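Protein chains in written order, with the numbering used here: chain A, 4 to 273; chain B, 4 to 273; chain C, 1279 to 1535; chain D, 1279 to 1535.
Certain hints may be false.
[As the list claims (entries may be wrong)] What follows is a list of derived Cβ distance ranges for each label pair: (1) Asp-1299(C) - Ala-1451(D): 53 to 59 Å; (2) Gly-150(A) - Pro-1395(C): 34 to 40 Å; (3) Pro-1284(C) - Ala-259(A): 33 to 39 Å; (4) Pro-229(A) - Glu-1351(C): 18 to 24 Å; (5) Asp-1281(D) - Pro-229(A): 56 to 62 Å; (6) Arg-260(B) - Asp-1299(C): 48 to 54 Å; (7) His-1524(D) - Asp-20(A): 55 to 61 Å; (8) Thr-145(B) - Thr-1475(D): 53 to 59 Å.
By construction, these hints were calculated from the structure, which means they are not laboratory data.
This one's a predicted model, so the numbers in the text were calculated from it and none came from an experiment.
A virtual CB, placed ideally from N, CA and C, is assigned to each residue, including glycine.
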Amino acid sequence: MPDFVSLPDAVAATVRDGHTVALEGFTHLIPFAAGHEIIRQGRRDLTLIRMTPDLIYDQMIGAGCARRVVFSWGGNPGVGSLHRFRDAVENGWPHPIEIEEHSHAAMANAWAAGAAGLPFASFRGYLGTDLPSVNPRIATVTCPFTGEELAAVPAHRPDVSIIHAQRADRAGNVLIEGIVGVQKEAVLAAEVAVVTVEEIVDDLAAPSMNSTVLPGWAIDTIVAAPGGSWPSYTHGYSHRDNAYYKAWDEISRDRARFQQWLAESVMAAT
Amino acid sequence: MPDFVSLPDAVAATVRDGHTVALEGFTHLIPFAAGHEIIRQGRRDLTLIRMTPDLIYDQMIGAGCARRVVFSWGGNPGVGSLHRFRDAVENGWPHPIEIEEHSHAAMANAWAAGAAGLPFASFRGYLGTDLPSVNPRIATVTCPFTGEELAAVPAHRPDVSIIHAQRADRAGNVLIEGIVGVQKEAVLAAEVAVVTVEEIVDDLAAPSMNSTVLPGWAIDTIVAAPGGSWPSYTHGYSHRDNAYYKAWDEISRDRARFQQWLAESVMAAT
Amino acid sequence: MSDYTPTEVMTVSAARALSNDDVCFVGIGAPSAACNLARLTHAPDITLIYESGTIGTRPDVLPLSIGDGELAETSLTTVAVPEIFRYWLQGGRITVGFLGAAQMDRYGNINTTVIGPYGAPAVRLPGGGGAPEIASSCGRVFITMRHSPRALVERVDFVTSLGFGVTGTERAALGIATRGPALAITDLCVMEPDPETNELVVTSLHPGATRAGVAEATGWDVRFAAALGETAPPTEPELATLRDLHRRTNAAHAVSP
Amino acid sequence: MSDYTPTEVMTVSAARALSNDDVCFVGIGAPSAACNLARLTHAPDITLIYESGTIGTRPDVLPLSIGDGELAETSLTTVAVPEIFRYWLQGGRITVGFLGAAQMDRYGNINTTVIGPYGAPAVRLPGGGGAPEIASSCGRVFITMRHSPRALVERVDFVTSLGFGVTGTERAALGIATRGPALAITDLCVMEPDPETNELVVTSLHPGATRAGVAEATGWDVRFAAALGETAPPTEPELATLRDLHRRTNAAHAVSP
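Please build the complete structure, drawing on both the sequences and the hints.
See the structure below:
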């Protein structure tokens, strides 16, 4: 059974400088509250894995948490750039970061391979693209039956994965509904899994025996963090704050404006 | 949108002598009615793929439909042997059959690879066993990152897959609930997919947006076949007829008794 | 009705290229608008798949991101992201994939990764996302983008997604069986690959666009089809439906929930 | 209470070896009875996983097959079969896997495939099913089987599932990190691997069993642990719970639904 602790305690107990950390969630269920807590606790030199870095990694990169980012699409969806991510890559601010760049197909397969305990994933991908020439972690394997050459990438195996979900019961079983993304894979691929939830309930009330439920024994830490996915959303509990995603473009564009936001909205908050 | 036809028409239009055919369903949702129709139409030289041949392939083998069986566990679960399967393998009755034998892990991975359009599946398996020495379709691939040698098997890509499911709507979308097995993979891996259902309804009434639903455009043929999984079962519609599974042991043990059953219960039925 | 924007012509043209039988892998922005416009006009049964895992989705409001709640709520079914990329995209079930581009060359090769050298980019773009495998696994690829000489270039700085390759022949050489870029729709014209060379040539000019204007806005020595057509202007129902969709969408995205 | 069968002792002994924290990959027959007996007695929170995809299942009646409806209905969640084998078994999340055997040798190598040559079998057995990967991926493997010289043999006809290999050292040589056969429970005794050689040695005799009887029923020159124990007989609550379970099960399986 997982530990039930506060968000500060969960982050303090699990995330260390230099760790490889994944805060996943595909548009839906992005664990912003946990990301802010990592910023507040001043973690450094993290390798951050996410398919879509999104605002959460833009904020963590701007705050100086990241040494390396493993990703497949680094934009503010429907809005434009991730300005803090760009500033780090283009100008080395607040410090230079390394990037390991993949396609979505590669990242999704790498998550599935990590969850499955495999060392690598193979898939039909990267055909005719320049990505393998700039990413040494893209290789090939040959089908022993047809001779077809397929792309191969290492499995994701983060030290810590943090996801947000709808709810947990008292035994720590977690229900995920709606766009389930790579939430299950991120939890199962990690050495340590932390799940923030909207609420902890007596009865999980899964709509079906086939619902996406993670057993409590496969999770290390549960945190009650209502609203913890904002400005992302939690299906059944909140809607995506698209206006905030648009507003982020202005907040993040300028270093000073970003630092003001960081001080007021993250560091001063609890 | 799939065709909505009768079971005899569906089998006549899709299953040809010499085809590779899969009638899947893991204990649950085994498409017995379709198997009996294949027997009645006298199909021969089929390569039959199923993880667990079960009574359905015991019957088809005894009736002379099979040239080759690709499988991973060939027993009557909880009861004992599949006597018709054994008689074919041990004594060549009604004629010799070839077998291609795997583990469940290999078969499940081969289904997933087939659904994913890949030529092969790799997994950590068959370690230290004799199966690779008797099955040339078990090979290895080497992880390009760690050097670990993994097992590899060809993807399943049958000419025709037939599954049974709870229900379809008028657009041919199909709901599967309960033990979903490899039903989705079998449909998506096949050249032609036939689904028999308990009922065709106006509203699929899936309990959740995350329910296992196959879109109508991914299916070729829908057949209303209420009770079509008996003596297997359809969650929400029927229970497994465990007494019949036990009775099959006596029916199938003797060739003459089996032939009598075949004449009375399959050939004379419609 | 002459009062429409070049972007509207682009979106309407893209929508018209879709049919009821298409299964579309939909990107955000113009592709999403085009696919949903098709669904709300002549192709009510078209299947829209978003890479967030929603299959057969019928949103009333366009999503801002690729995984807005509206997409799951109106889907036939919503699956995990690994499944979308493995069973549905790689499985060869998508008839049309839509791509946008920061840069595209005459063979439909696309760059959405960097402007300038990869290691020291002048502009770091978002990257490939689903595009590298959309480009190879979908039956056909439709490209929508603004027409400018900085966007339609002689040579892309980085091949994020393969078109027909640097000489127009690499797709076949790599053993890729899908068609590749079948249609590029800009705010000025429609381009299609030459059946012999695979070079994208202008096959239809949008209302008001000229050969000279297109040539000036293209970074390579662009060719025009012998039978150069003119894009039919948006009809009143098309425009009304598209504008209603955008109106609902803007209203929904303007305020915090 | 002396009125119990050797099979009941076997099942009770297997159940006792399980704890609340175990995650068991359950096979049909004796393993299923043992796991559910543990759950209904001293290990109420034990996690039972059946290869049909049911996780955290709590059946009131034992399944006849590995995918009876009871298993899904009482599960915490039911997933697809590829996921069970990839994420849960191969993912290394199972602490105990149960295997039965038609033949087993002194190093816990198991045959459930054929008696006689593979190409011309005297008896064609059901085959491996989940066993080959259960044997390598579960933290520990428990084996339950009837004790007879035809079953506990000098050398198995076919290695369906690896124990410690033909010399007891192959497991480590193959780089397998899991423990392997940790416990073999027959209707006569309990066997455990020698810490040095990995040979299965008798560590506990069931009530009424003798060294001579076990030696006679074993196809190899079986060894006995220096500190040979005696299996505590089934307690009244254990027997009552097991028999209730079987009574419910037999009643449920006797009639067509």
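Item to check | Numbered hints the structure breaks, given as an ascending list | outcome: Checked against the structure, the only hint that fails is number 8, while the rest are satisfied.
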